[in-house]
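Chemist: Those protein sequences? They're chains D and X, same order as listed.
Using my numbering, the first residue of the first sequence is number 1, and each one after it goes up by one.
Using my numbering, the first residue of the second sequence is number 1001, and each one after it goes up by one.
The hints are simulated quantities; they were obtained by calculation from the structure and are not laboratory data.
Keep in mind the model is a prediction, meaning the values are calculated, not measured.
Some hints could be false.
DSSO-like cross-link-like pairs, simulated, lysine-lysine; straight-line CA separation at most 30 angstroms [said to hold, decoys possible]:
| id | chain 1 | residue 1 | chain 2 | residue 2 |
| --- | --- | --- | --- | --- |
| 1 | X | K1083 | D | K57 |
| 2 | X | K1105 | X | K1050 |
| 3 | X | K1088 | D | K62 |
| 4 | X | K1062 | D | K62 |
| 5 | X | K1036 | X | K1057 |
| 6 | D | K57 | X | K1105 |
| 7 | D | K36 | X | K1152 |
| 8 | D | K57 | X | K1057 |
| 9 | X | K1088 | D | K36 |
| 10 | X | K1105 | D | K86 |
2 protein chains.
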Amino acid sequence: TNSKEISFGNRGMTLEEDINETNTYYLSRNKAIIHKKPTPVQIVRVDYPKRSAAVIKEGYFKQASTTDYNGIYREKYVDFEAKETKNKTSFPLSNIHEHQINHMKSVCEHGGICFLIIRFSQHDETYFFPAMKLFPYWESQFNGGRKSIPYKDVQRIGNLIPFHYQARVDYLSIIDHLYF
Amino acid sequence: TNSKEISFGNRGMTLEEDINETNTYYLSRNKAIIHKKPTPVQIVRVDYPKRSAAVIKEGYFKQASTTDYNGIYREKYVDFEAKETKNKTSFPLSNIHEHQINHMKSVCEHGGICFLIIRFSQHDETYFFPAMKLFPYWESQFNGGRKSIPYKDVQRIGNLIPFHYQARVDYLSIIDHLYF
Ligand SMILES: [Mg+2]
Ligand SMILES: [Mg+2]
C-alpha cells in the first residue's frame, strides 16, 4: 500500500485550477455563476470524535455521472467538461466516458450551452470545442473511425480561448461570440 | 470516538431520496436534467493499494457553497435547495446558510428559476417556496424579525407539491404553473 498526503495547493496551475480561478473572477464580477461540482465520494465509514469535526475514515472515488462544471450565464444553462492532454497531435477520446456523452447530448436537446474545454499542455493552448461537434467523432470511433480528435481538427473546429490575467481561461468570451 | 458505518439504503424515504428518485424519473422521460451535487469532501489522505481501488483514509465534510440541486428544464436554468423540518409550526431559517442565500440571489438576478423545497415531515407535506419570497424573511431576522417562516406563511405563499408514484416530489408541475 502506498499512502499519500494530497497537497491541492502545490501542483502548479492545472487547467482545473485555471478554470476555478476564472469562475471565481466571473462570480466576483457578477458575470456568471458557474461552479465545479465536487468530486463524488462514496462514504463508507465516518468517525465522530468528541468536540471535533467528523472524520471520513473510509471512502472511495465514484465515477462522475455528468460533467465537471455547470451554471448560468446570460440566462442560459451552461455545462461543460474540462480535459487536459499531453498529446501533441490529437485529443484521445478515451478521456471521455459514455455517460458524459449521453449527458451532453441531453443538455444540447434541452437548449443548454454545452462544450468541452480541451487544453493541449505541450502547445500551451486551450480550446473551446462545442459538444455538437464532438458527437460525430465519438460515434465514428465505433464504426472503424479513429479514437481521437486530431489536433488540427480541434484548431479548425474549436475556438482558441484567450488568456487574461484575471480570466485565465476566458471561455465566456467564446460563448458571447458563438451563442449571442 | 464513535465510529459508524453509513448505510445509505436503509433510512426510509427522506426528502433527498424522494427528490433523487424524482430526478431519475424526469431524466428517464427526458423531461429535465437535474442532479444533486455531490457532498463536498476535503480529501486529506488516500491509500493506493496494489490491484484495487484507491481508498480515502482521511477526509472532512466541507460546507457547500451553493445549493443541493441544479440543472436544466424547458431551456431554463433551475437551482434549488431541499430542506426537511420536524417543526410543526414553522420553518427555522437556521436551516439555511448565508452563502446559500447569496447564491440564490445571484441565480435570481441571472434569470434562473430558484426555490426551496421544504418538507414538513410531521404534516407529511412538501412545499415549493420561491427564493424571491424567501429573501424578505431572511433579511427581517436581522431587523428584529422572527428567525423562522411560519407554517401558515409557507402554506399561503408556497405551493404544495403533489406526490405521484413515479415523481414523488413533482416540483416540475409547480414550475410549469408558476413560470410558463
Ligand atoms: Mg475533467
Ligand atoms: Mg439540503
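Chemist: Evaluate each hint against the coordinates.
Modeler: Outcome of the hint check:
1. X:K1083 x D:K57: 27 angstroms, holds
2. X:K1105 x X:K1050: Violated. X:K1105 to X:K1050 sits at ~48 angstroms, over the 30 angstroms cutoff.
3. X:K1088 x D:K62: 38 angstroms, violated
4. X:K1062 x D:K62: The given pair, whose Cα atoms are some 18 angstroms apart, holds under the 30 angstroms limit.
5. X:K1036 x X:K1057: 24 angstroms, holds
6. D:K57 x X:K1105: Violated, because 36 angstroms separates the two Cα atoms, which is more than 30 angstroms.
7. D:K36 x X:K1152: Between D:K36 and X:K1152 the Cα gap is close to 37 angstroms, so the pair fails against 30 angstroms, i.e. violated.
8. D:K57 x X:K1057: Cα-Cα ~5 angstroms, so holds.
9. X:K1088 x D:K36: Given that 30 angstroms is the threshold and the Cα spacing comes to 36 angstroms, the pair is violated.
10. X:K1105 x D:K86: Roughly 40 angstroms separates the two Cα atoms, so the pair is violated.
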